[in-house]
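Letter by letter, the chains look like this.
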Amino acid sequence: MKTRQIIEGLTLSIISLGSIVEGVRLVISRDPRLVSDILGPGPYIICLGVVLLVATAIYILRHNGKEYPQHVSAHSGRRWRKVFNGKQVPAIMALAMYLILIQISGYLISTTLFYVVAFRLFGVKSWVVSTVTAVVVAVVCNVVFIYYAAMVFPRGLVWR
Amino acid sequence: MDLINGIVNVFSPWNLFYCFMGSVLGTLVGVLPGLGPASTLAILLPITMYLDPTGSIIMMAGLYYGAAYGGATTSILVNIPGEVSSVPTCYDGYPMTKDGRAGQALWIAAVGSFIAGTLGAIGLSILGPGVAKFALRFGPPEYFALLVFSLTALVSLASKSVVKGAAVAVIGLLLGATGVDPMTGVSRFNFGSTAMMLGFDVVPVVVGLFGIAEVLVNAEMETGRVYEGKLGKMMPRGEELRKGLVACLRGTALGLPLGILPGFAPAVGSFLAYDLEKRISKHPEKFGTGVIEGVAGPEAANNAVAQSGFLPLLSLGIPTHPSPAIILAALIMYGVQPGPTLFQLHKEFAWTVIGSMYIGNVMLLVLNLPLIGLWARISVIPYKYLGPFILGICVIGAYSPRNTMFDVWIALAAGLVGYVMKRADWPVAPIVVGFILGPMLEQALRQSLSIGGPLILFTRPISIGFYILSSIMIITTIKIMKRAAKAGVSPD
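In order, the protein sequences belong to chains A and B.
Everything in the first sequence is counted per the working numbering, starting at 1 for the first residue and increasing by one.
Everything in the second sequence is counted per the working numbering, starting at 1001 for the first residue and increasing by one.
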């Protein structure tokens, strides 16, 4: 069994066991006056958790000890290791920083900065081109969504 | 009469505008590799909240079936499919271009798409109200069985592995069960957080799983190349025209019934149509060298599948794959419950949307023939500009429904999860469909149990029919998987 399948199996097990625990909590704390609703909010969650647990067990058993040739396996170990190579991690980090920055510097400034960084990350070589494009896109977004569509983004500490 | 009224309604300036916008966006999505209809619908979903419900659904429907038109352009001209459903079009479309017959390939693709789209709309107009009327007999047990069948079919057909599909669908159902239980008012999976008490909104989840994840997957994409050659004469003539049109009709006949079944994405229809054309041809060895049937059949089939998907969506409230699931989410957001009562409670809305499909198909034909050169140029917009722009729009899209940054973080998390799932070959579609259908499934189940206990689920004839169909679907898929495993292919 490969590391990847162990991680997948563990993730599914945690989700299913978590669901069962939540379902049990709901059953224990169930209002005794709810007699008409047989399934209630808890047993439904327990049922789903059990189904997921069974599916997880089948998945683990099916892959246990099985090795597929590299050329036919849909996801070899080498491919799995490549999941976070390249531009993905920086893009996710930039997006996360952008979400934090929106609450500090407001929509316009944070969006401009995000686009400058994102254009660079995605392959725009020139700083001038990425900055000018970022300013134009951010201003257009600001006009369309904040002014025209009247969306209320969190007010920044520095700027709206 | 209702249909005529619907078509007349489409001719109001705003409805025509939305129909046109849907057609333009659909074609754009089709020609741009790395931007699928589901991700674009997900990005547009929150923005359409500010629009008129009828206009929004007209636009979203136009975008969905329009994408099936546009996908052919880059497949034929530069051998890069804009959509997965256009992959078979490359096999003979690109050789036709190299042969100086690009115009003919584009013409038959557009006309084939138009024939399939229009016949699909006619089928929907005829069968839609009938199916909805039949479905009025459905009580909670029948509806529960129908939902089980839809989920089973999607899990079986949309995933390469039944176990993976089932696990992901259950996770979708669990996500749909977060927040306050509408029947008892008890909060589930809130982990002490007030934000979690509201549960997950469909928009950030869909925006993340399709929009953000798609951008991350395509982050390394290179820019395409522009087609600089000549298109040649557009309309095929004589035997070539006859063969092309007959293949269009065959593709349509194959795609229309497939599209009604949950799990049959347009891509499945186009691959099957290509295979069918090759099998019945007197010269199968010529396929791959520029045979017009190899373009006509798949293009007609993928449009037919896309168009006929609206029948179960509007008549039963059942999405057949992710794009209709997002349209279903939009309908629910507008307070329009698709299903048996749609043609009674929202008659004008239903017929206007159906009427728009006739107009939309004409618009798409016009957009895709004379303006083909323009689309070919647009298809090479560098992803280094498009990707960041989509990410920015995703943030706005996730924020707008409830005006909370919590939803944007959920979208980012969903994007990360969606990206990892796509890379690890786990199906994303069942999670979304499970999430959207989950609350309906739970409600139908709990209502059924309240009416007559567990036995009521297995004693109604219609319910039994759906359970039998579900079993057949699972058994067939498992058999296919086993055969694949024997052939040395991973079950995943």
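If you are wondering where the hints come from, they were derived from the structure by calculation, not from laboratory data.
There's no promise every hint is true.
[What the hints assert, rightly or not] DSSO-like, lysine-lysine: derived pairs with alpha carbons at most 30 Å apart: (1) A/K87 with A/K125; (2) A/K125 with B/K1422; (3) B/K1347 with B/K1282; (4) A/K2 with B/K1479; (5) B/K1233 with B/K1282; (6) B/K1422 with B/K1347; (7) A/K87 with B/K1422; (8) A/K2 with B/K1482; (9) B/K1286 with B/K1347; (10) A/K2 with A/K125; (11) B/K1098 with B/K1347; (12) B/K1282 with B/K1422; (13) B/K1243 with B/K1233; (14) B/K1422 with A/K2; (15) B/K1233 with B/K1479.
[What the hints assert, rightly or not] What the simulated footprint calls covered on chain B by chain A, stretch by stretch (three residues with Cβ under 8 Å from a Cβ of chain A suffice, anywhere in the stretch; the number is not a length): (16) 1172 to 1180; (17) 1251 to 1260; (18) 1382 to 1389; (19) 1410 to 1422.
Idealized CB from N, CA, C, for every residue including glycine.
Violated hints - listed by number, lowest first:
3, 6, 9, 10, 11, 12, 15, 17
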